[in-house]
Amino acid sequence: MNKEAIRSLFKEKRGELTKEEIRSLSDQIIAHFYDFLSSRANVDHIHLFLPIDRLNEVDTFPLFYKLQERNFRIYTSIVNNAKEGLDTLEITHTTRFVNDAWGIPLPAEAMRVSTENIQLILIPLLAYDTRGYRLGYGKGYYDKYLSEMDPQVLKVGLSFFEPVDRIPEEPHDIPLDLCITQNGIRNF
Numbered sequence: 001m002n003k004e005a006i007r008s009l010f011k012e013k014r015g016e017l018t019k020e021e022i023r024s025l026s027d028q029i030i031a032h033f034y035d036f037l038s039s040r041a042n043v044d045h046i047h048l049f050l051p052i053d054r055l056n057e058v059d060t061f062p063l064f065y066k067l068q069e070r071n072f073r074i075y076t077s078i079v080n081n082a083k084e085g086l087d088t089l090e091i092t093h094t095t096r097f098v099n100d101a102w103g104i105p106l107p108a109e110a111m112r113v114s115t116e117n118i119q120l121i122l123i124p125l126l127a128y129d130t131r132g133y134r135l136g137y138g139k140g141y142y143d144k145y146l147s148e149m150d151p152q153v154l155k156v157g158l159s160f161f162e163p164v165d166r167i168p169e170e171p172h173d174i175p176l177d178l179c180i181t182q183n184g185i186r187n188f
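The opening residue of the sequence shown carries number 1 in this note's numbering; numbering runs sequentially from there.
Hints listed in this document are in silico derivations from the structure and should not be mistaken for laboratory results. The beta carbon of each residue, even a glycine, is placed where N, CA and C say it ideally should be. Be careful, since some hints might not be right.
[Said to hold, decoys possible] Here are the simulated PhoX-like cross-link-like pairs (lysine-lysine), alpha carbons at most 20 Å apart as the crow flies:
hint, residue 1, residue 2
1, K83, K3
2, K11, K139
3, K3, K19
4, K83, K144
[Claimed, not checked] Here are the simulated distance ranges between beta carbons:
hint, residue 1, residue 2, range
5, N183, V43, 18 to 24 Å
6, R54, E4, 34 to 40 Å
7, P168, T94, 40 to 46 Å
8, N80, L55, 19 to 25 Å
Make the full structure from the sequences, and use the hints.
Structure follows, in structure tokens:
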């Protein structure tokens, strides 16, 4: 299958999930993430994506609040159209979120920071393969963003689905280190 066929298939699969299924599956995925994180005592700077509700993404808001309670430093990113990339923002327990015109949750106020302190990044995806290559929405923002980070940053995908055999990769694609589903953790 080519990228567009895989992208289309997984958009359809996600579209078939009910809000209750998304909530339940997200809770299971987050529980597995906590298990993983407990083995990483040195990680205290985490980047997470904010879920786009209309795209039925894994809900990371409960994770954000739980990590804040445990005093992790939390970051997210927003699109910077001028540089055709992502800017990093630090978010805290006082951060308010508003949805933009496309339903993307954005921090109402947040400080732009560099990526230098990030130790682990949670990455949105539509699909991934057995080697760790991911498929997003096709804009390449996260591949560019990851290329700007320290290669030692742990790259973690969150998915409702198991991997496909192979996603055609391109030279700029950066694979995940692991992906977490409701069934557990898959290392690459």
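Between the beta carbons of N183 and V43, is the distance compatible with 18 to 24 Å?
holds (23 Å)
Please check whether N80 and L55 have a Cβ separation lying inside 19 to 25 Å.
holds (20 Å)
Is the hinted pair K83 and K144 satisfied, with a Cα-Cα distance of at most 20 Å?
Distance ~11 Å between K83 and K144 Cα, so the pair holds.
Going straight from one Cα to the other, do K11 and K139 come out at no more than 20 Å?
holds (15 Å)
Lying within 40 to 46 Å: is that true of the beta-carbon distance P168 to T94?
holds (43 Å)
Cβ separation of R54 and E4, checked against the hinted range 34 to 40 Å:
violated (20 Å)
Hinted pair K83 and K3, Cα distance within 20 Å:
violated (25 Å)
Given pair status - K19, K3, alpha carbons within 20 Å
violated (27 Å)
When held up to the earlier numbered hints, the structure conflicts with 1, 3, 6 and fits the remainder.
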